[in-house]
Every structure is written in C-alpha cells, then in structure tokens.
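Number of protein chains: 2
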Amino acid sequence: MAFNKRIKIKALLQGEVTGTTQTLMGWVRTKRSNKNVTFIALNDGSCIQNYQIVADPQTISEELLKQVSTGACILVTGSVVESQGSGQATELHAESLQVLGQADPEKFPLQPKKHSLEFLREIAHLRMRTNTFGAVFRVRHALAYAVHKYFNDKGFFYIHTPIITASDAEGAGETFKVTTLDLKNPPLTEEGHINYKEDFFERETNLTVSGQLEGELAALALSEIYTFGPTFRAENSNTTRHLAEFWMIEPEMAFYDAEDNADLAEDFLKYVIAYALEHCADDLAFLDQRAAEEEKTKKAEQRSELGLLDRLRMVVEHRFERLTYTEAIEILKQSKPNKKKKFQYLVEDWGVDLQSEHERYLVEKHFQKPVILTDYPKEIKAFYMRQNEDGKTVAAMDILFPGIGEIVGGSQREERLDKLTQRMEEMHIPTEEMWWYLDTRRFGSTPHAGFGLGFERLVLFVTGMSNIRDVIAFPRTPGNAEF
Amino acid sequence: MAFNKRIKIKALLQGEVTGTTQTLMGWVRTKRSNKNVTFIALNDGSCIQNYQIVADPQTISEELLKQVSTGACILVTGSVVESQGSGQATELHAESLQVLGQADPEKFPLQPKKHSLEFLREIAHLRMRTNTFGAVFRVRHALAYAVHKYFNDKGFFYIHTPIITASDAEGAGETFKVTTLDLKNPPLTEEGHINYKEDFFERETNLTVSGQLEGELAALALSEIYTFGPTFRAENSNTTRHLAEFWMIEPEMAFYDAEDNADLAEDFLKYVIAYALEHCADDLAFLDQRAAEEEKTKKAEQRSELGLLDRLRMVVEHRFERLTYTEAIEILKQSKPNKKKKFQYLVEDWGVDLQSEHERYLVEKHFQKPVILTDYPKEIKAFYMRQNEDGKTVAAMDILFPGIGEIVGGSQREERLDKLTQRMEEMHIPTEEMWWYLDTRRFGSTPHAGFGLGFERLVLFVTGMSNIRDVIAFPRTPGNAEF
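Quick note, the sequences are listed as chains L and G, same order.
At position 417 of the first sequence the residue is numbered 1178 (the numbering used here), and the sequence of numbers has no breaks.
At position 129 of the second sequence the residue is numbered 890 (the numbering used here), and the sequence of numbers has no breaks.
Any given hint could turn out to be false.
[Said to hold, decoys possible] Okay, the calculated beta carbon distance ranges per label pair:
hint, chain 1, residue 1, chain 2, residue 2, range
1, L, Glu883, G, Phe880, 30 to 40 Å
2, G, Gln859, L, Ile1141, 28 to 38 Å
3, L, Lys1103, G, Pro1191, 19 to 29 Å
4, L, Gly953, G, Glu824, 55 to 65 Å
5, G, Asp1179, L, Ser857, 19 to 29 Å
6, G, Pro1191, L, Gln819, 18 to 28 Å
7, L, Thr1000, G, His1127, 51 to 61 Å
8, G, Glu1150, L, Val842, 56 to 66 Å
9, L, Ser857, G, Pro1098, 24 to 34 Å
[As the list claims (entries may be wrong)] List time: in silico DSBU-like cross-link candidates among lysine-lysine, alpha-carbon distance up to 30 Å:
hint, chain 1, residue 1, chain 2, residue 2
10, G, Lys792, L, Lys1153
11, G, Lys1031, L, Lys771
12, G, Lys1142, L, Lys766
13, L, Lys958, G, Lys1142
14, G, Lys1130, L, Lys766
15, L, Lys1031, G, Lys766
16, G, Lys945, L, Lys958
17, G, Lys868, L, Lys766
18, L, Lys766, G, Lys910
19, G, Lys910, L, Lys1031
20, L, Lys1031, G, Lys1130
21, L, Lys910, G, Lys958
22, G, Lys958, L, Lys915
23, L, Lys915, G, Lys910
24, L, Lys771, G, Lys910
25, L, Lys827, G, Lys1180
26, G, Lys1180, L, Lys910
27, L, Lys915, G, Lys1031
28, G, Lys792, L, Lys766
29, G, Lys771, L, Lys1031
30, L, Lys1142, G, Lys1153
31, G, Lys792, G, Lys915
32, G, Lys792, L, Lys910
33, G, Lys915, G, Lys868
34, L, Lys766, G, Lys1180
[Said to hold, decoys possible] Not everything, but these chain L residues come out facing chain G in the computed CB check (under 8 Å):
hint, residue
35, Arg767
36, Trp788
37, Gly832
38, Pro948
39, Thr950
40, Trp1197
Quick caveat, the hints were computed from the structure, so don't treat them as lab data.
Don't be surprised by glycine CBs; every beta carbon is placed ideally from N, CA and C.
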C-alpha cells in the first residue's frame, strides 16, 4: 500500500487548501507547549519555511507528544485552518499524529541553537536539516537546473567527458592517480619502473582536471556542447576556496570567436543568477539576512558595501566591463594601492600574472561591477589559446566577480594546426600523445571557443557563503574524505 | 568582431525563411558536381539532416570548390530558395563561400562509405561527425535533460554525491584506488603496510560505486533528491554491456515505501522515453531504420519481433507487469525452456539469483512488456534493503526491459536501526565506519526508498545500439583509456 500520501509544505503554502484535511510528514524543528496546547514547527526540506502544527492534548496523547522532540520525524493529519497567531497565514490542527522516528534529545546534535559552520561540517550527514544548509542545497539545485535549461534551450548538447584519463594535457596541476595495482607489490618492468601494462587500463591513468579537450572534439561535430561533471586537483591547499573534487561546467562552441565567447559567458551568468533570484526568493532572502549578520562580525574595512541580494541584482542588471589585460595593467599601475604600496604584489611590468588582490581592486573598487579581462600574455596562459596577431598575447578571457575573483576562464581556441603544434612544442606538450586533439585541426578545423566555470564558485557567489566546503554536500579536501 | 552570425540547419529547416539571405557553417558530408553546378550536403550537428548547398561555378570559383571535400568545414552565404530536386523543401544558393578548414581526402578517415562500429570506436574523436553517432549523442542529451526536467518539475533536488570515497560499503565489486602516493616507493608503516596516513586524504580511498548512501542522507533532510553522476567498477569484463566508468541516476525519497518507489520508477522511465520520442523524432527515425538493417544481418531466431520505435512505444503505453520474485520463480520453473533444459542455468530452487536468460524470458516471451520484480530473497540482495515480515525476503525491486534485462534496481531502505545493524553484522559490514549512515536511523528515521538507473543502459535501449561503448563519448574499458 502506498505510504506517500502527504502534501509537501511548499505546496501547502502555495495552495488554496484552507478548510481541507491534509497529511504532512517531516522533521520537528521546535516544540513549545503551554497547558492547553502544543505548537510544533515542522520542516520537510521542500522549502525554508516551517509549518505550524497545533496539537491539543485532548486529541493527541501526552505520551505521544513526549516523543515529539527536535529532530524527530512525524506524520500528522489534520485540518488546515487560518492561523490566529502572527508569522503564518494557516496552520494544521492535528487530528492524528504518528512518530515515524524519534531523536533522543540527549544525543541528537542539532538542538535548536546556533551551531558553528565548522561543527556542522563535521556532521555533514545531518547539516542539510538546518535552515542554512537546506537553503544552500536548494539554491545549488536551482543553479544546476538553470545551467541545463540554459544550454538545452539554446540547442547545446550535454556531453559526458571522461573522468579517468591518460592525459594531463592541460598541465593544470597535480593529479590523482587511478590504479588497480597492488600498491604494496606493484609489478615492475625489467628496468625497474612500475609496469603499467598490468594496470587496469594498461597505462598510467589519473582523474581528469578538465573536460575541455574532449569537449572540443564534440563541439567540432555537434557545433555547441557543454560538459557538467566532476574535476579533480590534488593540490595540498587548505583554503576556503579550494576543493580536491569539484564540479565544472565547460561549454565549447564551434564557429565562436573571442567576442562570441564573452557574449555567451555574460548572458549565461546573468541567466542562471536571475533564475535563482526568481525561483529561490525565500531561500535567498534567508541567506541575505544570514550574510548580513556575518558581515557585522567583520572589521569595518572588510565589510562588503553591498548585501547579497544587491550583489546578485548588480550582476544581472549591469553590462560587464570589458577591457584587455594591457589596459588593466595600466589601471593597476596608476592605482592608489599600487602607488601607496598597499598591494602585497606591486604591479610594475607588463606580463605578470594578476593576483586576487588586483582582480578584486578592479572589480570592487575601480569598476564596481563584473569585469571581463581579455588578451592575456601568452606566457601565463595555456597552450590551446588562440594566438593574437601581436605575437605576444592570446585570445583568453577571465571573468571577475566581486568577492569571488575569477569565476570564468576561457578563450578562443587555436584552430590553426601549425600555430598550435609550434606552441605545444615550445611548451613541451607531447604532440604524439595528443594526435586526436590535433586531428580536429587537420580535418575540418574552424574558429571555436569555450570557457570553464567552477560550479562551487558560482554557488558561493549566489549563496553568500564564505567557505567552499559549505556549498558542496560532502567536501573533499586534504585529509578529508568522510561520508 | 563577432563571428557567429550563422543560422543552424535545424532552425533553417523549421523556419519560414524562403527568400531570405542566410549564412551557414558546417562540415561537408558529400559533394557532387556536373558541368553546370555543384551540390554540397552540409551538416552542422544541430540535427540529422544535411542541408543542400547549390554552388554555381560562375559565382564560386572552381579553385575554391576543389577544397570543398568530405570533412571540410565551410562558411557559405546565399539565398534560401525552394528546391527543384526531391529530398528537400529548400536549398541554399551560394553567393559566397569560405573554406574554414580543409580535410585532405587522402587522409581524412571518414569518407562517405559504410564504416564498422569497431573502426569508428578507434576514432571516437571523429565519430560524432557521422549520422549514427550524431543521432546517438543528440538522443543521449535529450534523455539527460529529460532526467533533470522530470525530477525538477516534481520538486526533487539534484545532489552531487562524492566521487572519491573512503567507503566501499555497498561491496558492489572491485574498485579503483585513488592515491597521490609514489607507487614506486610508497611510505610504509612500522609493520610494513602502506602508510595511508601520508596519502592525500590520510586514508585509503577509491572511486565511488554508487551515490546511494550519501543520497539517503540528503533525502532524510530534503525529502526527495536525485543524483546523476559517474560511478566506477574495476571489473575485468570485456562485454558489450560493461563499462569501467558509467553514469548513474539515483533518486532517494523519504516517505516512500516499496509501492511508491515502483510507481515513481515506472512513471519516470515512461516520461524520459516519451520525451525522447517527442524531441528526437528525426534521430530516432534514423536509428530505427539503422537497427532494422542490423537485425537483417542476424539469424532469424535472434531477431527482435519489434522494431526500435515499437519497443519504445510499448514501454510508454503499457502498465509494467508487477510480480514477486517468488511468483517469477514459479513461472520460470514451469516454463518451456526450463522443462526442455534450454536454459543454461535451470531454475529449480527458490533462492537462486535470476540470470539474464531468465529475465529475458519473463519480459520478452512470457509477459511481452516491462516487468517489475519485487521481494527478492534477502541473501542475494544488499544489506540496506528493508526486511519483509516473512523473514526471508526484502523489499527490493528490479525493473526488466526487453533486450536490456535489468534497467533499474532499487528497494525500500531499512529504516529500523536494530534490523539494519543486525543485517550489517550478519554481512560483516563495519558498523563503526558507517556511523553517519546509522545516525540517520538514530535521529528522525522514516520509511524511505530509492532506485538506481544505469544511464548508458537507458541510452542503449532508446537508441537501439547494441554495444554500450557506442553510447558514451569516450568509453573506459579494460585496456582502454584513449582520448
């Protein structure tokens, strides 16, 4: 017999159901009683709001109500009536109540008080039952769905690029090895090296750092594609911005040049943020307030001038500022913090890589809106970026956001076989191993471009959380693979 | 200056654009010329159809047309006119043409002739430029999008469960190890074991075989969630049905029992297949014909009675047959192939696991429609499945499809702490390591259920392809991690 005969709280709040009998199921957030009546705040995860249950001890036994403590899961049936109290339009007057699962008040860690984010990270298996993390993961869902909807509506095809790969062509950093060899007694070759011929894939393999190169292969057949999958970095960085395992979105488009690429990236970012504003209004209102309270604990000079919702609307409503790296260097050289030596890294020469402090100065102080920086020196960018006519720069683009810094990195790709091969040789990238990548420049090559977006950085920006470990369900960082 | 000023062929075929001037970009499939005119069949990946370009040597130089060979990428501008020929309603009369990238006819491997699927697998970086693989990957995209749309519309939240994990709790088979240790000189403990304290995560880690357990944690906070991510099996199986890396969809729902679970799974499968029928009509018509031709090469007794489109409609239009394992065993015992000893594994005793031949008999011969088998013996199912009152069976469910066999496996989950702990101990599953999983039964437990769907099996079923390596862009199998 089907058990799932309930209405979700989200539907209950939206519907015209006053006067009807309904069944709710969910987890008790709080309970308070007086002599005459017990009020239960119930949450079922469908939305940030709790729903008020009113239980009369004449109808629901005291013995049963004793088991109704914070964290318990209950099933309650009753009539939906207009609420006498403030704070809710309607409430449910319980006619029957069943405790599905108790939560011993002595042991249940999520008692109704303020918990630190650090503590909640240690109980990541339960933290989604809090207001903050419920909101974060509902917003994360909405953003993920918006990504798929945006690209699908535009005729892009979703490609699953491989997770296990034999190439570290991007050279983007340290990779995780993937193996089935016996680590204690690995097979060796006659020369004493590990004999990868005996490994599962008969070669050395690692976890992917990017699906871009395979994405390009697909774009040069299907025109416009995107990836959305996990990527990995084995960097030993214990910061609030790094994860060893994170999700990336990488669109690749045939027939796009650098300008088309920037247009798409800007339109895409605005779409997904506007989608969250529209579909997660209640969760974002809660997170806006949470972020405002967190701001108060900071020193005055570290506080954001804009609130969370203000920042989101600012991105959606303004055209992103576009300028070249060369122009940015001039601005930075002339800037107050550079002249007064307030930057940790002073900007003196063309060619240096920009630090986070420089990016934030441009976005937060100078332009006060998102910035698209283009045409970086080729020495600080990857081999596959298209070389500009000046011989010095490549058609790269980074999009910088307030508070976050780089949120998107992309480029027009080098489609000319001779230029690409030459650059690979200069950068010691093995052209033989990459025969398949070069084949796309041999056969029917065309101008094309693409970009990558770290999904967790987007979720950070939209939720206003400050630690990236708080926007992915079960974060993977050095020393941490719990759950 | 923006380069992407083209119309996609899909839009061109749908729009009312006769009489307008348009720019197309794409790859040449074929070219044929007579003295007066050249016909180019152009494909841009947006749909299965090629678009006919008509080039008059008076307008487009012969020198240029020489470079227009199969596989070349071109940009062509001209007027859209009603076609004189059969096979297309309109065609483009070229006013200007630019070769974006040539494809040397001596070297380009995809000349217009029939290629074997084996050969195309070796050039997986180019195979998406063929009709078959273009269709397969457009259908794959549509199915992936339908998955997200189905769950989003129902209020489920998409959860990214971890890829790197320290638990192999499901015990689902061999796993890939993930490590940053030096394989040649791994650090050892005093006892001579590998010292995983020095590994990246300070413990032994592997690639996930399933996101279910983490999915349950999320469902017991947000009510209804789903995962859609890569999973891994290091089984040394070189078959047409196994991949080392594949994508799984795993919904988990609080407040669902076994019947709710089966209802959802049936509704979900019908939705995504109906979505593909509606949105991929042209690609599926092509694949239907392709499958029909492949059938002809088979022996009469191995041929399917239904064509591809017939099979898809059959699934959408029929209520799936539901019966228990025990009932299925009775049917199989009495079946002709069992009595005549035609089964490789004869069905004699209650308790045996069903083989593929038995599943196919039930679906293809006995019921001739999809079958949901429930209530399997607990000995052949995982520890987390809810124990039935009979003490012998669990609330498991497998959905069996024609041609594919098991496409979905799921169960109501054991929500009772004592029963779950007891079963884990019987099956030697370490309860201490799984403290977080058991916590959800300690605090606010509730009836819940879920299932898993191997995405590639769904794509196989819907595209009618026969080898699973042909429905994922870059397959990972023993000895194969190319691209």
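Please flag the earlier hints that this structure goes against, numbers listed from lowest up. Structure breaks hints 1, 3, 6, 8, 9, 10, 13, 17, 20, 21, 22, 26, 28, 30, 31, 32, 33, 38, 39.
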